[in-house]
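Start from the sequences and build out the full structure, keeping to the hints where you can.
Read off the chains here:
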Amino acid sequence: MKVGIPKGLMYCRYHPFLVTFFSELGARIIVSEDTNKNIFDTGIKTCVDDACLPVKVFHGHVDSIKDKCDVLVIPRIMQLQKNEYICPKFCGLPEMVLNSLDDLPAAITEPIYATSWKNLYSWAKTAGKFLGKSNNQIKRAFISALNEQKKHKTGIADTGYEINIALTGHPYNIYDSFLNMNLVKKINSLGMGIMTAEFTEEGILYQEAENLYKRPFWTFVRENYGFALNGAKGKKTDGIIYVSSFNCGTDSVIIELIKNSLPDFPFLILKLDEHTGEAGINTRLEAFRDMLERRLFSDSHISTLG
Amino acid sequence: MYYMGVDLGSVSTDIALIDKNHDLVEKIYLRTRGNPIKAIQEGFKILKNKYDDSDISAAGTTGSGRIIASAIIGADAVKNEITAHAMAALEIDKDVKTIIEIGGQDSKIIILNNGIVRDFAMNTVCAAGTGSFLDRQAERLDIPIEEFGDYALKADTSVRIAGRCAVFAESDMIHKQQLGYGKAEIIRGLCDALVRNFLNNVGKGKTILPKVLFQGGVAANKGMKAAFENELGFEVFVPENYSMMGAIGAAIIAGDQVKKTGRTKFRGFKLADNNIFSRSFDCDGCPNRCEVVKIYENDAIIGYFGDRCTRWTGKTGGFLRLHSG
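So the protein sequences, as listed, match chains A and B.
For the first sequence, position 150 (counting from the first letter as 1) is numbered 150 according to my numbering, and the numbering increases by one without interruption.
Offset between the second sequence (1-based) and my numbering: plus 306.
Calculated from the structure, these hints are not laboratory results.
The structure displayed is predicted, hence computed values, not measured ones.
Keep in mind that a hint or two might mislead.
Footprint (simulated), chain B over chain A, 3 or more residues, beta carbon under 8 Å [unchecked claim]:
#: 1; segment: 33–42
#: 2; segment: 178–186
#: 3; segment: 289–295
Here are the simulated lysine-lysine pairs, DSBU-like style, with alpha carbons at most 35 Å apart [what the hints assert, rightly or not]:
#: 4; chain 1: B; residue 1: 460; chain 2: A; residue 2: 185
#: 5; chain 1: B; residue 1: 621; chain 2: A; residue 2: 37
#: 6; chain 1: B; residue 1: 517; chain 2: B; residue 2: 460
#: 7; chain 1: B; residue 1: 354; chain 2: B; residue 2: 621
#: 8; chain 1: A; residue 1: 214; chain 2: A; residue 2: 235
#: 9; chain 1: A; residue 1: 236; chain 2: B; residue 2: 400
#: 10; chain 1: A; residue 1: 259; chain 2: B; residue 2: 403
#: 11; chain 1: B; residue 1: 400; chain 2: A; residue 2: 271
#: 12; chain 1: A; residue 1: 66; chain 2: A; residue 2: 139
#: 13; chain 1: B; residue 1: 482; chain 2: B; residue 2: 333
#: 14; chain 1: B; residue 1: 510; chain 2: A; residue 2: 236
#: 15; chain 1: B; residue 1: 517; chain 2: A; residue 2: 236
Residues of chain B placed beyond 12 Å of chain A at every Cβ, according to the derived structure [to be verified]:
#: 16; residue: 308
#: 17; residue: 325
#: 18; residue: 336
#: 19; residue: 373
#: 20; residue: 472
#: 21; residue: 505
#: 22; residue: 543
#: 23; residue: 579
By construction, the Cβ of each residue, glycine as well, lies at the ideal position given by its N, Cα and C atoms.
See below:
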């Protein structure tokens with residue numbers, strides 16, 4: 001049995017779980033390649049036009065492996081934390097894919113509620129049963145998948161740079177170097193170190209978000225808002241770069257919340273869309289670096305704020 | 307001894323020469339017309355009759371075409387437009403607090419305090435309200451772009467035009483024309499709409515304090531200046547060399563750079579007569595399949611760019627193979 005897992009969206013964070021679970025069940029795992037021009041173009045061509053770029057690219061990933069596997073995994077992630085939801089496009093992801101691409105193999109589209117061991121296990125049971133596995137086999141695979149996931153640490157925490165920035169945004173926008181035109185490497189090569197949200201404790205992210213007038217509905221809002229605010233505190237970082245895909249609903253909320261809470265902190269928003277010309281993104285990054293450099297090094301006698 | 311700045315933009319290519327005191331001694335404004343190499347060569351043809359290579363002690367480039375420009379002319383500094391514009395503005399007035407810059411495809415706002423850039427923003431995925439859009443509307447209304455602003459000032463009232471999107475703005479203008487409104491009122495309405503769009507979009511959340519400098523090609527449009535003043539409630543200054551500010555900034559930065567390095571990388575005016583052209587190819591080094599551009603001078607390769615992995619960038623040498631891509 002060949003199980004296909006598209007390397008799009010939250011794959012970057014949860015691949016240890018998915019890959020381990022299905023390989024422990026005896027499946028051969030087919031993972032799509034890193035995003036490339038072909039995957040990018042196919043995704044844009046096949047996906048509904050209203051979706052955001054990462055969702056479109058996900059379609060390209062599915063298309064690139066659909067003929068190589070017997071079963072597709074399309075994670076319908078609903079919740080990662082209690083009382084919070086993830087982006088609404090994830091809830092409808094399987095329907096978008098199934099209705100936009102032809103000749104697809106069978107797909108596992110069961111909703112994922114990763115709020116507790118029990119809830120996530122119910123996804124595993126359905127997925128495992130789909131492959132005809134017994135309860136025992138499923139349980140064993142599930143436990144080792146969870147262990148693998150716990151061992152796995154994503155995130156960037158550069159050291160040794162004079163200027164440091166908090167790189168915020170959805171993980172798939174940060175870690176897909178094709179989609180974001182090599183953003184991480186670009187920032188580093190401009191002499192700026194990067195910190196990402198994964199290295200800030202969950203508890204701190206919650207704490208920062210408590211100051212909001214209401215509890216955030218979306219997980220990404222809490223995560224990015226909490227990280228940005230914490231990153232700005234006590235000069236942990238010198239500026240925030242928010243990488244966002246054009247059209248993103250949750251980002252439009254997060255960005256405004258961050259701006260309101262940190263009116264004087266250097267904040268750069270980079271919008272990703274279908275353009276592959278890099279002049280725009282380069283100009284903004286270079287100018288941001290110049291600005292931080294001057295704020296930091298040429299006016300030590302006056303306040304850096306205001 | 308002069309410092310040269312080249313601002314290779316989407317619509318215009320500007321070349322400025324400044325002296326040691328940063329005073330402008332020469333300015334050349336050319337239309338890029340989608341051919342950045344030719345635009346630079348044209349400019350150099352004019353310059354080489356008046357100046358020797360040895361007159362140029364530093365060269366800098368800016369604008370969206372700054373990389374290709376730097377490969378061609380041999381630049382000491384390659385700087386983004388924000389920093390270049392800020393440098394030039396500070397040269398005019400150390401106390402400038404806000405720079406509004408509207409070019410061919412970009413619009414920007416730069417907030418300064420005590421001579422240091424504090425914040426900036428650029429238009430996102432939409433180019434409504436930038437020079438190329440105004441160009442197109444002028445053409446459609448059959449008015450030379452140079453007179454566009456004067457038309458706006460003639461109008462006593464302004465017709466409400468949707469400013470959020472270039473396509474919507476255009477259809478709104480056409481509808482208003484069909485209803486019989488005059489050109490002047492429509493143009494004034496358009497200027498108001500674009501200023502509204504700029505302040506709500508690019509300038510969102512920014513406190514715009516005087517003194518405000520309005521730079522870039524669109525600053526030539528008196529209607530836009532008046533609309534900004536009307537909306538902001540105070541005077542907006544258009545510097546004498548508003549369309550040259552990017553190039554002047556690049557020249558200043560290049561001059562500073564050469565003070566550090568000691569000698570310029572400027573390749574000389576001879577390139578005006580050389581055969582400079584580009585070829586692009588799909589690199590097959592990895593699945594990214596980058597569209598890599600090669601720049602040739604006569605038959606020799608003088609630069610590569612467009613590759614994501616920098617496998618080609620920075621390489622020179624190699625010769626044109628006939629009958630190849």
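Are there hints from earlier that the structure breaks, and if so, what are their numbers? 4, 13, 19
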